[in-house]
Each structure stands twice: as structure tokens, then as C-alpha cells.
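So the protein sequences, as listed, match chains A and B.
When the letters of the first sequence are read in order and numbered with the working numbering, they come out as residues 1 to 55.
When the letters of the second sequence are read in order and numbered with the working numbering, they come out as residues 1 to 174.
Keep in mind the hints are simulated off the structure, nothing from the lab.
Think of the CB as a built atom: it goes at the ideal place given N, C-alpha and C, for glycine as much as any other residue.
Please note that a few of the clues may not be correct.
[Said to hold, decoys possible] Incomplete in silico selection of chain B near chain A, CB under 7 Å:
1) Met-1
2) Thr-29
3) Phe-30
4) Leu-32
5) Glu-106
[Said to hold, decoys possible] Simulated DEER-style distance windows between Cβ atoms:
6) Gly-68/B with Gly-8/A: 42 to 52 Å
7) Gly-156/B with Arg-34/A: 32 to 42 Å
8) Arg-26/A with Glu-139/B: 16 to 26 Å
9) Gln-84/B with Thr-22/A: 32 to 42 Å
10) Leu-19/A with Ile-158/B: 28 to 38 Å
11) Thr-103/B with Arg-34/A: 37 to 47 Å
12) Gly-156/B with Glu-29/A: 33 to 43 Å
13) Asp-33/A with Asn-9/B: 21 to 31 Å
14) Leu-36/A with Gly-170/B: 30 to 40 Å
[To be verified] Below are the DSSO-like pairs computed for lysine-lysine, each with C-alpha atoms no more than 27 Å apart in a straight line:
15) Lys-129/B with Lys-9/A
16) Lys-15/A with Lys-129/B
17) Lys-147/B with Lys-163/B
18) Lys-2/B with Lys-14/A
19) Lys-147/B with Lys-15/A
20) Lys-2/B with Lys-15/A
21) Lys-147/B with Lys-129/B
22) Lys-9/A with Lys-30/A
23) Lys-30/A with Lys-129/B
24) Lys-160/B with Lys-147/B
25) Lys-147/B with Lys-19/B
26) Lys-14/A with Lys-129/B
27) Lys-15/A with Lys-30/A
28) Lys-2/B with Lys-65/B
29) Lys-14/A with Lys-146/B
30) Lys-30/A with Lys-14/A
31) Lys-2/B with Lys-19/B
32) Lys-14/A with Lys-147/B
33) Lys-160/B with Lys-129/B
34) Lys-146/B with Lys-15/A
35) Lys-2/B with Lys-30/A
36) Lys-146/B with Lys-163/B
37) Lys-129/B with Lys-163/B
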Amino acid sequence: MADREMRGKEELYKKMAALSFTEKIRILEKLRDRELAIAAAGLRSKTKASGDTEG
Amino acid sequence: MKETLEVINQMQADGVIGKYAIGGAVGATFYLAPAATVDIDIFVALPMAVGTSLLSLAPIYHYLKARGGAVEHEHIIIGGWPVQFLAPNDRLEEDAVEQAITTSVEGESTRVMSAEHLVAIALRTGRPKDHARIVQFVEQDAVDRKKLRGILERHGLISKWTKFESEYLGGSRG
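Bound-form chain A, shown alone:
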């Protein structure tokens, strides 16, 4: 089972590595937007949490 999962991941990495640079950059941009959204959400919840304690 673990071997099959590992092979599947390797296949996926190979497929993604074979994409054109333009396609990979588009993926990078999506990953970056997601990371920034997660970071911003974390910041929002921290601000909210600190606001709660202050109230």
C-alpha cells in the first residue's frame, strides 16, 4: 500500500516536472496565492483572538 502510494507520488512529481516552465509558474502563482491567503487568515484570527481578550 505504502509502496503504491510512493510510486503514485513519484509519477505525479515526474508529470509535474515535465510541464513547461510557463505551466509550472502558473502553479507557483496559485501556491503563492494560497500561502498568502492562509497567512492572512492566520493573522485575521490572531487579531480577532487578541481583540476578544481585550474585550
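Dock chain B against the given chain A, drawing on the hints supplied.
For chain B alone, coordinates are given in the frame of chain A:
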């Protein structure tokens, strides 16, 4: 990123910078499966200012700020991407810029460091994320071992590579 590269190419055409090469995680993405990153590392050859032997990144920042670039810590935001400009620190990084590969993103021309230079620089930098990236290069067979060995020898990195191999690659490769 097309817009980012357009601005950098224009800056090069205007003589603010010489040759440049994308390094770091974005550079590695040329060869590997994409891995999340939030910035772009651009290594630039800088024209020497008249009357001084010092290299300065200031002209880049002046140029870009005059065209709406916003500075955030060590980055400048161009086309939505935080870009860090780095002057080559030594011969290895100078070679990496000089010998970079020409490619394009959405039709915009750009240059990316060779896989072997990216690995050599990552080996020398030596943070955990650099080590992880080297393992990816090796596992995905994205590096020319003979060419890598030549670069490592030329820049005094063979002993570091041997140690890296024994720790992370089972000591039998390369």
C-alpha cells in the same frame, strides 16, 4: 510573473543591470515539480559605477521605485511578486549567472541558473530546505552528475558533497 520579467528585462535593456539569472526555488522549478515559494531570487551582474570599486544594488531600487515598485524589507514588489536582487558573492555565483540557460515564461524571455549551479549553491548554503532541494534534484534525475562534479571541484565543494552524499543519499551516488 510575465509582468515581473518584462520589468526586469527592460531594466537590463536600460543598462541598470547586466546579465541576470533566476535562482532559488523559482529557478529550481524550471527542473523540478513546483514547490511553494513566495518570492523570486534574481542574481544580477552589476555594471561597475564610475570611480568606485564597490558594487551597489541602489541603482536597481532607484529605478524600480521610480516605476512604482514598492520596497518590502529586502524585497521589491514587481508585477505582484516580491523580488530579491542579489549581487553574486563569489566565482560560483558569477559562473551561475554567466552560464544560465535562456528560456521563457508566457513568451517573455528570461534566464535560469543551470541545475548543477543551483545544486552547488544549495550545497554551499546548506540550510535544511537547500538539502531537501538537492535530494529532489538527485531523486528526480534532474542533474548531470559529471557536470556537477566539475563545478564542485572547481569551487572547492567536493568534501562537502561527499559528506552530503553519505548523510542524505546513502553515500553511493555521484
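Hint check results:
1. Of the supplied interface hints, the one on Met-1/B holds, with its beta-carbon coming within about 5 Å of a beta-carbon of chain A, less than 7 Å.
2. Because the beta carbon of Thr-29/B sits about 5 Å from the nearest beta carbon in chain A, less than 7 Å, this interface hint is met.
3. Nearest Cβ of chain A to the Cβ of Phe-30/B: about 5 Å, under the 7 Å cut. The hint holds.
4. Interface hint at Leu-32/B: satisfied, since its Cβ lies 5 Å from the closest Cβ of chain A, which is below the 7 Å cut-off.
5. Because the smallest distance between the Cβ of Glu-106/B and any Cβ of chain A comes to about 5 Å, under 7 Å, the interface hint for this residue holds.
6. The hint said 42 to 52 Å for the Cβ distance between Gly-68/B and Gly-8/A, and at roughly 45 Å that hint holds.
7. Range check, Gly-156/B to Arg-34/A: Cβ separation about 40 Å, and the 32 to 42 Å hint holds.
8. At about 24 Å, the beta-carbon gap between Arg-26/A and Glu-139/B stays in the expected band of 16 to 26 Å.
9. Range check, Gln-84/B to Thr-22/A: Cβ separation about 22 Å, and the 32 to 42 Å hint is violated.
10. Taken as a hint, the range 28 to 38 Å holds for the pair Leu-19/A and Ile-158/B, whose Cβ atoms sit roughly 33 Å apart.
11. In this structure, Thr-103/B and Arg-34/A break the distance hint of 37 to 47 Å, their C-beta atoms being roughly 25 Å apart.
12. A C-beta distance of roughly 37 Å is found between Gly-156/B and Glu-29/A, which places it inside the suggested range of 33 to 43 Å.
13. Checked against the given bound of 21 to 31 Å, the beta carbons of Asp-33/A and Asn-9/B, roughly 24 Å apart, stay inside it.
14. Evaluation of the 30 to 40 Å hint for Leu-36/A and Gly-170/B yields a pass: the beta carbon distance comes to about 37 Å.
15. Between the alpha carbons of Lys-129/B and Lys-9/A the distance comes to roughly 20 Å, so the proposed pair stays at or under 27 Å and holds.
16. With a C-alpha separation of about 22 Å, the suggested pairing of Lys-15/A with Lys-129/B holds against the 27 Å cut-off.
17. Of the pairs offered as hints, the one joining Lys-147/B and Lys-163/B holds, with about 19 Å between alpha carbons and a cut-off of 27 Å not exceeded.
18. Between Lys-2/B and Lys-14/A, the direct Cα distance comes to roughly 25 Å. Compliance with the 27 Å bound is thereby established for this hinted pair.
19. At most 27 Å may separate the alpha-carbon atoms for a hinted pair to count; Lys-147/B and Lys-15/A meet this at roughly 25 Å.
20. The suggested pairing of Lys-2/B with Lys-15/A holds, with an alpha-carbon distance near 23 Å, which does not exceed 27 Å.
21. A distance of roughly 23 Å separates the Cα atoms of Lys-147/B and Lys-129/B; the hinted pair therefore holds under the 27 Å criterion.
22. Distance check on the hinted pair: Lys-9/A and Lys-30/A sit about 20 Å apart at the alpha-carbon level, within 27 Å; holds.
23. In summary, the hint linking Lys-30/A to Lys-129/B is supported, as the alpha carbons are separated by about 21 Å, within the 27 Å threshold.
24. Annotation: proposed proximity of Lys-160/B to Lys-147/B holds, straight-line Cα distance about 16 Å (limit 27 Å).
25. The hinted pair formed by Lys-147/B and Lys-19/B meets the criterion: a straight-line CA distance of about 22 Å does not exceed 27 Å.
26. For the suggested pair Lys-14/A and Lys-129/B, the alpha carbons sit about 20 Å apart, so the restraint of at most 27 Å is met.
27. A threshold of 27 Å between alpha carbons decides the hint, and for Lys-15/A with Lys-30/A the separation of about 18 Å falls inside it, so the pair holds.
28. For the given pair, Lys-2/B sits about 19 Å from Lys-65/B by alpha-carbon distance, which is consistent with the 27 Å threshold.
29. Between the alpha carbons of Lys-14/A and Lys-146/B the distance comes to roughly 22 Å, so the proposed pair stays at or under 27 Å and holds.
30. Distance hint between Lys-30/A and Lys-14/A is fulfilled; the C-alpha atoms sit about 19 Å from each other, no more than 27 Å.
31. About 18 Å separates the Cα atoms of Lys-2/B and Lys-19/B, which keeps this hinted pair within 27 Å; it holds.
32. Pair hint Lys-14/A plus Lys-147/B holds up; C-alpha atoms about 22 Å apart against a cutoff of 27 Å.
33. Restraint check for Lys-160/B and Lys-129/B: the C-alpha separation of about 16 Å stays at or below 27 Å, so the hint holds.
34. Of the supplied pair hints, the one linking Lys-146/B and Lys-15/A holds, its CA atoms being roughly 25 Å apart against a limit of 27 Å.
35. Our distance criterion of 27 Å between C-alpha atoms is met by Lys-2/B and Lys-30/A, whose separation comes to about 15 Å.
36. Taking the CA atoms of Lys-146/B and Lys-163/B, the gap is about 18 Å. The hint holds against a cut of 27 Å.
37. Between the alpha carbons of Lys-129/B and Lys-163/B the distance comes to roughly 17 Å, so the proposed pair stays at or under 27 Å and holds.
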